[in-house]
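*Asks:* Given the structure of chain Y, go ahead and fit chain C onto it with the hints provided.
Line by line, the protein sequences give chains Y and C. In case it helps, UniProt numbering puts the first sequence at residues 1 to 392. In case it helps, UniProt numbering puts the second sequence at residues 1 to 392.
Wrong hints could be hidden among the right ones.
Copies of the same chain look alike in the list, so a pair counts if it fits in one copy or across any two.
[What the hints assert, rightly or not] Below, in silico cross-link-like pairs of lysine to aspartate or glutamate (DMTMM-like), each with a Cα-Cα straight-line distance of 25 angstroms or less:
#, residue 1, residue 2
1, K10, D141
2, K122, D141
3, K25, E61
4, K49, E61
5, K122, D163
6, K321, E310
7, K51, D284
8, K25, E73
9, K10, E73
10, K16, E73
11, K91, D284
12, K10, E162
13, K283, D55
14, K49, D84
15, K10, D163
To be clear, the hints were calculated from the coordinates, so they are not data collected in a lab.
There are 2 protein chains.
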Amino acid sequence: MSPTIWQFSKRAITLKSSAIREILKVTERPDVISFAGGLPSPSSFPVKKIKQAVDDIFNSEDALHALQYGPTEGYQPLRTWIIDTINHREKLQLTVDNVLIVTGSQQALDLLGKALIDHGTKILVETPTYLGGLQTFTQYDPQYIAIDSDRYGLNPDLLTDEDARTASFLYTIPNFQNPTGRRLSLARRQKLAEKAIKNALLLVEDDPYGELDYQGQRLPSLISYAPNNTVYLGSFSKILAPGMRLGYIIGPTALISKLVQLKQAADLHTPSFTQYIAYEVIKDGYLLEHIPNIRKLYQHRCQFMLQQLEKYMPKTVHWNKPEGGMFIWVELPEHINTTELLTLAVNHQVAFVPGESFFANNPKRNYLRLAFVTVSEEQIEQGIKTLASLIK
Amino acid sequence: MSPTIWQFSKRAITLKSSAIREILKVTERPDVISFAGGLPSPSSFPVKKIKQAVDDIFNSEDALHALQYGPTEGYQPLRTWIIDTINHREKLQLTVDNVLIVTGSQQALDLLGKALIDHGTKILVETPTYLGGLQTFTQYDPQYIAIDSDRYGLNPDLLTDEDARTASFLYTIPNFQNPTGRRLSLARRQKLAEKAIKNALLLVEDDPYGELDYQGQRLPSLISYAPNNTVYLGSFSKILAPGMRLGYIIGPTALISKLVQLKQAADLHTPSFTQYIAYEVIKDGYLLEHIPNIRKLYQHRCQFMLQQLEKYMPKTVHWNKPEGGMFIWVELPEHINTTELLTLAVNHQVAFVPGESFFANNPKRNYLRLAFVTVSEEQIEQGIKTLASLIK
Chain Y
1 MSPTIWQFSK RAITLKSSAI REILKVTERP DVISFAGGLP SPSSFPVKKI KQAVDDIFNS
61 EDALHALQYG PTEGYQPLRT WIIDTINHRE KLQLTVDNVL IVTGSQQALD LLGKALIDHG
121 TKILVETPTY LGGLQTFTQY DPQYIAIDSD RYGLNPDLLT DEDARTASFL YTIPNFQNPT
181 GRRLSLARRQ KLAEKAIKNA LLLVEDDPYG ELDYQGQRLP SLISYAPNNT VYLGSFSKIL
241 APGMRLGYII GPTALISKLV QLKQAADLHT PSFTQYIAYE VIKDGYLLEH IPNIRKLYQH
301 RCQFMLQQLE KYMPKTVHWN KPEGGMFIWV ELPEHINTTE LLTLAVNHQV AFVPGESFFA
361 NNPKRNYLRL AFVTVSEEQI EQGIKTLASL IK
Chain C
1 MSPTIWQFSK RAITLKSSAI REILKVTERP DVISFAGGLP SPSSFPVKKI KQAVDDIFNS
61 EDALHALQYG PTEGYQPLRT WIIDTINHRE KLQLTVDNVL IVTGSQQALD LLGKALIDHG
121 TKILVETPTY LGGLQTFTQY DPQYIAIDSD RYGLNPDLLT DEDARTASFL YTIPNFQNPT
181 GRRLSLARRQ KLAEKAIKNA LLLVEDDPYG ELDYQGQRLP SLISYAPNNT VYLGSFSKIL
241 APGMRLGYII GPTALISKLV QLKQAADLHT PSFTQYIAYE VIKDGYLLEH IPNIRKLYQH
301 RCQFMLQQLE KYMPKTVHWN KPEGGMFIWV ELPEHINTTE LLTLAVNHQV AFVPGESFFA
361 NNPKRNYLRL AFVTVSEEQI EQGIKTLASL IK
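Chain Y with its partners taken away, still in its complex shape (with noise of 0.2 angstroms):
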């Protein structure tokens, strides 16, 4: 075909095949011991309640409303359960009207791109941050101003009072962050929410390993420090099962409106036959005997993992001690390029994925994450020791 029948507009030119998408075609080969996937443990998904969830939808009135197109901010009942829930949990006043139901959480990050970036508006994230965040905003070109972090979380010191008061908004990930597992601080929970407050700053808190705390010992959340400032979305990706493509955002109504009006042009609503599914599995307390159990199995490989690490790598690599989540972030000698080891280690069936890609402005090259959530001992045993031969 000729490429003169169309040409791509500018946005669609600048978007490149994210990292993660290209390294999990070649993980899909069984050969390979993968700690690259984002992808939460099959075994956690609760396959029986589910089918029973399914059943009981068929067997009432519900089954031609779940099959019949919904109302775009979602279904209302599973709307009223997050709200209750996060009313409770952040001791918080929010009505309905402050829930939007999405295709998954991926899609309240378009919507918010499309919602509040221009061409050269200024956006800031916390870095190293989420690729797939990176990946849509830029969509939508925006000037980046990263946000160092350490092993505390993002350092709200680092954020002028100038940049919180010019920039459209501040993205984060404060619970077990996407790629590094760290958990932003209590101290800087409440200093980067009176920074929000003081400069009229928007954060995006985005938290979908929020209850995968291994303690079960959340911290309040940025929207409890500042609810009029705060847009905080919500995942059942990890806490039930991604495949159902279920998120939310929360926010004022001002602006929910507005990504109302943008999701309908994008999908009309989210699937009503999932938002059925997910409210009959969790609408009688179903999520507090079992998210404990995937905090269990996660925290315990999340351990035979960091033995691993221990046992095998050399001095001079580093990594931290996740409290929760699905990541661990390992730092390497500065002279070790890590997308050039990814090659290396693939040739000999390990993936991991390299740390560059999730610098919005210079990338730094010596750090890897490793996903410990969907393999076995066995296979985190052998794909340490051949990651530690390799750096070695």
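*Replies:* Then chain C, alone, in the frame of chain Y:
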């Protein structure tokens, strides 16, 4: 909350809530006879078959895959089924790489807008046309060129070579169009395809209603005449269930690859769960027995509404006799503004969609769209009688 905390992008400011959306809110009142919605009839939903499909998935090893993240392109067996079906029907030799599964075909329109429209890009639309298409494209700020249509659909003679050469694409719904219910004639399909090939024009062929031909005598699609120049959009919403939000895009691989990247940024992928279910439902030819039932049901309702229009409407009112689909397009005397009529009609418990929102430029105000598939015969008679008396 202070509005100074965020500033909407230009595209967000331009976007307005759709008329259909506002109207649907009114028509949720159970006392209103609504000819407004574009909803398929719930009595056409294959509830038992879908329940069986879910059971089969949960009784197999597919369950965990159906609940896990999946590839952005979509579930491979579903893509294969789609391309086999289209190849057979349209006598083409496309491959699975020509197919991308989307979260309802509204998403296809959004992805195409993102991929192909910059500020001021010229795009061609038949007029009137689907307002959800206009709403989505408008986000990306194109310049619309409207091509007039008559009872045989859009008139290719009104498309100049100059416009065909310089436009990014032409958007058309050849079968039982929304809002007019018209079908593009065979001769015009050929002529349009020739013009597209001659001028290297991309055709966006949106075909959600193609299977709803009352006589089961489908005309060849534009993609069969101009396979290199056509992006074909299909949907399961009108032949299976819209609450599953499943559609697909068929096009040249270089275009599909870019749309895949944009889709990844938009929502990672369409829910795996609904894709597995749809495939399980249709894989053994179930649609061949199911679709004729929908056709019969819709034909019957259509005939009945046409009879009531004959019986009650004054001679100054005109309408088409659809050969398929869900809509009748009604022309009133020029002095009647149907948006004003709607307010009056809703006060009398009847709703429809006023025609003006379906025009890209220079809206005509004396048309209205009637949907007949979700209303009973009693409601049709009562509603048309009321409308006729208001028009008189």
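*Asks:* Each hint should be assessed against the structure and marked as holding or not.
*Replies:* To see whether the hints hold, each was checked on the structure:
| no. | hint | result |
| --- | --- | --- |
| 1 | K10 x D141 | both (10 angstroms within a copy, 13 angstroms between copies) |
| 2 | K122 x D141 | both (10 angstroms within a copy, 22 angstroms between copies) |
| 3 | K25 x E61 | between (42 angstroms within a copy, 22 angstroms between copies) |
| 4 | K49 x E61 | both (20 angstroms within a copy, 16 angstroms between copies) |
| 5 | K122 x D163 | within (8 angstroms within a copy, 37 angstroms between copies) |
| 6 | K321 x E310 | within (11 angstroms within a copy, 76 angstroms between copies) |
| 7 | K51 x D284 | both (16 angstroms within a copy, 23 angstroms between copies) |
| 8 | K25 x E73 | between (34 angstroms within a copy, 12 angstroms between copies) |
| 9 | K10 x E73 | between (31 angstroms within a copy, 22 angstroms between copies) |
| 10 | K16 x E73 | between (31 angstroms within a copy, 16 angstroms between copies) |
| 11 | K91 x D284 | within (21 angstroms within a copy, 52 angstroms between copies) |
| 12 | K10 x E162 | between (30 angstroms within a copy, 23 angstroms between copies) |
| 13 | K283 x D55 | both (15 angstroms within a copy, 22 angstroms between copies) |
| 14 | K49 x D84 | within (22 angstroms within a copy, 35 angstroms between copies) |
| 15 | K10 x D163 | between (27 angstroms within a copy, 21 angstroms between copies) |
Comparing the model with each numbered hint stated earlier shows that all of them hold.
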